[in-house]
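The lines below spell out each chain.
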Amino acid sequence: MGRYIIIRVFQTFVSLIGLSLLIFTLVRMSGDPTTLMQNSAMTPQDIQNIRESLGLTKPYPVQYLIYMGDLLHGDLGRSLVQRRTVSSMLSVALPNTLALAGWGFIVAITLSLFLGVVAATHRDSWLDNGVKFLAILGQALPSFWVGIVFIFLFAVKWPVLPVSGPGGPAHFVMPVATLALFILPGVLRLVRSSMLDVLDSEYVKLARIKGVPERVVIWKHAFRNALITPLTAAGAIFGTLIVGTVVLEVVFAWPGLGFVDITALQGRDFPVVQDITLLVGVVVLLINLMVDISYAYIDPRIRY
Amino acid sequence: MDPIVGNASAWALAMLDPLINHDADGKYIPMVADSWDVSPDSLTWTFHIHKGIKFHNGDPLTSADVLFSLKHFGDKKSTNPWSPYVIADSTEITTPDDYTLVYKLKAPELSIREPFAQTLIMPKKYFEKVGEDGWQKAPVGSGPYKFVEHVPKTRMTFAANTDYWQPYKPQWQQVIETLVPDESTRIAQLERGDVDIIGALSADNLLALKGKGYTLQQVGLPGLENISFQGTWMTKGPTSDIRVRQAMSYAINRDELSKTFYRGLAKPGGFWFWSQDTWAHDVDPSSWQLPAAEQLKYDVAKAKQLLQQAGFPGKFTPQDITLYTPAGPSADLMQILQGYWQKVGIKVNVQVLDTAVYLGRLFARAKKPTDVQVGQIFPWGPGGPFPSFFNNVYHSANMFTSVGVHTTGNDPQADKMYQAALHEPDETKAKKLWNDLMHYGYDKMWINVPIVDMPSDVVLGPHVGQFTRFANTFLQQAYVGITHGK
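Protein chains in written order, with my numbering: chain Z, 25 to 328; chain F, 81 to 566.
Treat the hints as calculated values from the structure; they're not laboratory data.
Accuracy of the hints is not assured; some may be wrong.
Result set (BS3-like, lysine-lysine): computed pairs, CA atoms no more than 30 Å apart in a straight line [unchecked claim]: (1) F:524 <-> F:423; (2) F:339 <-> F:377; (3) F:156 <-> Z:82; (4) F:217 <-> F:151; (5) F:292 <-> Z:181; (6) F:524 <-> Z:181; (7) F:233 <-> F:382; (8) Z:181 <-> F:566; (9) F:186 <-> F:384; (10) F:186 <-> Z:82; (11) F:151 <-> F:131; (12) F:151 <-> Z:181; (13) F:217 <-> F:233; (14) F:186 <-> F:217; (15) F:184 <-> F:156; (16) F:512 <-> F:566.
This one's a predicted model, so the numbers in the text were calculated from it and none came from an experiment.
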């Protein structure tokens, strides 16, 4: 298992370097950020001075090394548009996103696991059909619409919850419910189908023949083995949630990373775009690493 | 919060005072400067600074702060569109004493009053002590509201400056601006009573809220919706022929647009600084009527006739007309215009661009016909009101001459007329010269197609009373004059 972890960590590191190179290149291909910083009094020399002050006149490899060197020293650079450090922007946005994504994820996964198992163990019953209907609803309804309907119902029609913005626990209810409804269907369906496969396997049948109580068969024997596929999907989903909550952030005026990223993209504020994209990449890679390690724990056959 | 940082400077308007100000008619009135004298040769402007103004941290406001603010605002790294004029046109700025500032110009330039009115006075000592980062965290001004808290992308909180030096005082103890990007959410907040003022709403929602008893309040002057033929009019391609540009104008049914797309809130207009509802109209109210009547005319037969005379499209190479627009309401409008144009036989390819790319092209200065900008036409959305006649003088350069930010022209006559209007020291004569330039631009060049004037309305909740102070640009300017509702 130790060798497996070392190899996966090394692979993650290589992926990170590749990712940073890709982001660095793509952001620079998107255009010259000084275009938006020019005014009519500037001479070509002034514009050149701006480029020099931002280090844009240096060869790309040098720019990349400076960028990576700064990153290693914890310097994320400054926003070209807002004239503040990127770290100060992320220090506000990241916790907001993590809180929203984290709670949405926890609620969705918990419900998916429970409902998926319930549906699989009551196949074709009204319970199973009800869960499938919920999954279809979650897949069919766009998040922004669900969010707006929630706001209309629970903040305006029956004003029991705040309309928007981060704050106390009540502020989390609608965005988390909306997010959970978005995540739920995919994972729920995976849990259900995975459970159905496992419940149909020989060892489960044997356990039942041996008279093992149904509760133990389901939750101890079947459930653990049915987890691999949903776990992989869940890992990938959480990674995308870091910026994937942008629609909800807009509807619920939730100042998270996705919202900052979209604004930065529109303003060609490439230090911000670069850092957020890299941050998301790091989170996704780390989650994948953790998922892979947890595979090895769940399934002892997985080794290098 | 730093006046040199593009739109973020809107917040500064609540906290900082300008050197001079506008009244509701667009006239310049005293503010931090009690008065100003102009030398007979119009080259030396002497400002007399009001005594007794204190910044929020207790420091007195002196001419040193004004000098610092002018230089800071005029810094080349500024993205505020007014900054270039503040320093570029001066030869020397001095402070003979604590309450006098002398500003010397290279050439007479009456319009320089507008950059003065846009210059917000910052405390030199405090800014130099805390630096740019410190300022962003805790800005200090002398205005009606003090900074309390800024949570990026979330909210900005101001507290009333009860010691404000002007006779009028802020009436709300606290003003909190929240960033709520979604229109439906903003409406929900208003209806629930969480907020008192919301803005940036579609015509449908403005009317719906009005129907529910909410008050619509216009902030500033109307936005001008129009199309400009950047760079293209002077080069090859269909829009290089004035008859094609005229046909595109005659093809638009502005009355229909105003009644349907704008739900009756807008009205035909949108002239580049030459509409009845902007301060430019005081130049000569009768003079714009004629071009206005012609430029706003809907005449399909005439459009087709002009196209035929121009040999459209066969005569032109390339034959395509491409229009660039940012996403959002502007793109919706452009698709409607596309339909009008198609009706008279003009096929326009509308390309919706990412905002950054759009702005990049909008601000790229075309130097020669082969530059990248050539072949494009741009829509100008209701991007905000225009503060004064003298603002319009500067901005005329952008539309009609070869020296503006969005350079479109290569017409030596237009350049000459602009320079004459800009540097004429006599106000009456200057307005006449500018009026001549406008006529030349609309009658002879026809590179700006007006569409509609669109009021910039916000919606008020029941707790909000009257807006007693004029806001020419941003809502923040009105804060000090907002009264409580019944």
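Tested hints:
About 25 Å separates the Cα atoms of residue 524 of chain F and residue 423 of chain F, which keeps this hinted pair within 30 Å; it holds. Between residue 339 of chain F and residue 377 of chain F the alpha-carbon distance is near 16 Å, which keeps this suggested pair within the 30 Å criterion. Between residue 156 of chain F and residue 82 of chain Z the CA atoms are separated by roughly 22 Å; this keeps the pair inside 30 Å, and the hint holds. As the CA atoms of residue 217 of chain F and residue 151 of chain F are separated by approximately 22 Å, the hinted pair is consistent with the 30 Å bound.
The straight-line distance between the Cα atoms of residue 292 of chain F and residue 181 of chain Z is roughly 15 Å, inside the 30 Å bound, and the hint therefore holds. Taking the CA atoms of residue 524 of chain F and residue 181 of chain Z, the gap is about 58 Å. The hint is violated against a cut of 30 Å. Among the hinted pairs, residue 233 of chain F with residue 382 of chain F is inconsistent with the structure: their alpha-carbon atoms are about 50 Å apart, more than 30 Å. The suggested pairing of residue 181 of chain Z with residue 566 of chain F holds, with an alpha-carbon distance near 25 Å, which does not exceed 30 Å.
Between the alpha carbons of residue 186 of chain F and residue 384 of chain F the distance comes to roughly 50 Å, so the proposed pair goes past 30 Å and is violated. Straight-line distance between C-alpha atoms of residue 186 of chain F and residue 82 of chain Z comes to about 38 Å, which puts the hinted pair past the 30 Å bound. Distance check on the hinted pair: residue 151 of chain F and residue 131 of chain F sit about 21 Å apart at the alpha-carbon level, within 30 Å; holds. Simply put, residue 151 of chain F and residue 181 of chain Z have alpha-carbon atoms about 53 Å apart, too far for the 30 Å limit, and the pair is violated.
For the proposed pair residue 217 of chain F and residue 233 of chain F, the alpha carbon gap of about 14 Å is at most 30 Å, so the pair holds. For the hint pairing residue 186 of chain F with residue 217 of chain F, the CA-to-CA distance comes to about 37 Å; that exceeds 30 Å, so the pair is violated. For the hint pairing residue 184 of chain F with residue 156 of chain F, the CA-to-CA distance comes to about 19 Å; that is within 30 Å, so the pair holds. With a C-alpha separation of about 47 Å, the suggested pair residue 512 of chain F and residue 566 of chain F falls outside the 30 Å cut-off, and the hint is violated.
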